[in-house]
Amino acid sequence: MVVVGGGFAGASCARALKRLDRTLAVTLIEPSARFTACPFSNPVIAGLRSLEAQQFGYDGLRQEVIEVVPLAATAIDVQESRVTVTDGSTFDYQRLVMAPGIELRFDALPGYDAAAAERMPHAWKAGAQTATLRRQLEAMEDGGVVVMSVPASPYRCPPGPYERASLIAHYLKTRKPRSKLLVLDAKDRFSKQSLFEPAWQRLYPDLLEWVPLSFGGEVTAAEPSAMTLVTDFARHRADVANVIPPQSAGAIATAAGVADETGWCPIDPVTFESRLQPGIHVIGDAAIAGAMPKSAFAADSQAKVCAAQVVSLLRDETPQAHKLVNTCYSLVAPDFGISVAGVYEPRDGLLAEVEGAGGVSPADAPASFRAQEARYAEAWFRTITTAVFG
Amino acid sequence: MPTAASLRRAPSRRFIGRGGRCFAAAVALPFAIGGQAAAQGAPSGALSCSGCHQPPGADGAVPSLAGRPAEEIVAALTQFRRGERTATVMDRIAKGFTDDEIRAIAEWFARGGEQSARNSQP
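As they're listed, the protein sequences go chains A and B.
Counting along the first sequence from 1, when you hit position 333 you're at 333 in this note's numbering, and nothing is skipped either side.
Add 1000 to a position in the second sequence, counting from 1, and you land on the number used in this note's numbering.
Derived from the structure by calculation, the hints contain no laboratory data.
Predicted model, so just to flag it, every value in this text is computed and none were measured.
Keep in mind that the hints are not guaranteed to be accurate.
[Stated by the list, open to error] Example chain A residues on the side facing chain B (calculated, C-beta under 7 Å, incomplete):
(1) S225
(2) K304
(3) V354
(4) R370
(5) A371
(6) A379
[As the list claims (entries may be wrong)] Covered stretches of chain B (chain A as the covering partner; in silico rule of three or more C-beta atoms under 8 Å from a C-beta of chain A):
(7) 1045–1052
(8) 1063–1071
(9) 1095–1108
Ideal Cβ placement from N, Cα and C applies to all residues, glycine included.
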């Protein structure tokens, strides 16, 4: 078995495969020596957490007798069932699991290319970009303007930009209270909006302004040298600009022929097998998972189910349909957590929501409830990172 | 740096003859979950639980489930589903599961959950 990609989905799947069958040879192909987690990277940007707390190595996987190859996959030969990596070495597979995550599209927003990302960081892949955005916020003078650009769906972590806005607002309110945060959105609605907006009104009035699509929020061009984001209605000068550009599945997915014209990967909702290439399973952010969002929790759920299905298929057994759960926590403030949950099942060829289940945290919960959800958010992060990388 | 030749892998031949051991492991389980004779037999939904519910012995805000009596888990999930038990998120999750699914998940955890999957290797 070969797994391409060592993020939440890939690393979790590799471990699950080994847990189900110790005799399986499992190889994980991941070029980074360490994984830097995106969930809880917003608190790092807001000065509430260290980047080191986000970093995890692969020794835990090696101890499970998973071969971790520190190179990037460069080609997939589906005829020969073979993965090639950067030094020309190859790995043959019986079945392949691809979890390549996302590609930030530097061809989607005029003016926003790879070079622009140094001036106007996306910080949508955690690591150096997270540190860059943090440094820029620290260097900004009180009274400065932070501008965020948020893309249309689908993208990694639907509520993520709004958690980031919340925590940047918290940083500004506590450290640079004369500053402003403008959130320019290519959408009119967003995840947990009914919870974020009232909280913003209460916690960050006159500091955080969200501009939806209908009010000219869609950014149509970036001018990094002028630190300006352009919409149809205005030019917004920023002291710090965070541009979250449109995304697609990681490039290796396109190379393998598992991505469709949307740039994302259609899959069978029972087995996660690619609808375009038999023998290849796609999980995590890269997959078109129907109603299931692109989240770390979802990636981990999909990984464990996919592993069980792969083992069934390798044994010529019929895979059984599994329901999956997602729970996404967001911090509106350090002691104010909110969540969205969902239960999903294969239905009509896609992963669909189980009706009557899921939903967001209650609207009128007391402060103790919000504090409890903030604690559960941290508990989730510790549990999942220990289970996947520990 | 490893050479291409040393890393070339032939397709694994490990799966021949495994069928007998698979069957033996399935028979050893005290319950046969309908339609899931495979040794790994995690029931629908169960694999998502460990996203938050950590293994026994780990210290944290979210309780561990592995090894708890099945009736305890059935009662908790049923109460969550009915809104009869204080919850932040478990009520919303429990509503996604039927009585049969809850029973199967509870019994899987009572037997050890993912830990028992490790122990029931073919």
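Status of each hint after checking the structure:
no.	hint	in the structure
1	S225	violated (41 Å)
2	K304	holds (4 Å)
3	V354	holds (4 Å)
4	R370	violated (9 Å)
5	A371	violated (10 Å)
6	A379	holds (4 Å)
7	1045–1052	holds (count 7)
8	1063–1071	violated (count 0)
9	1095–1108	holds (count 4)
Of the numbered hints stated above, those contradicted by the structure are hints 1, 4, 5 and 8, listed in ascending order.
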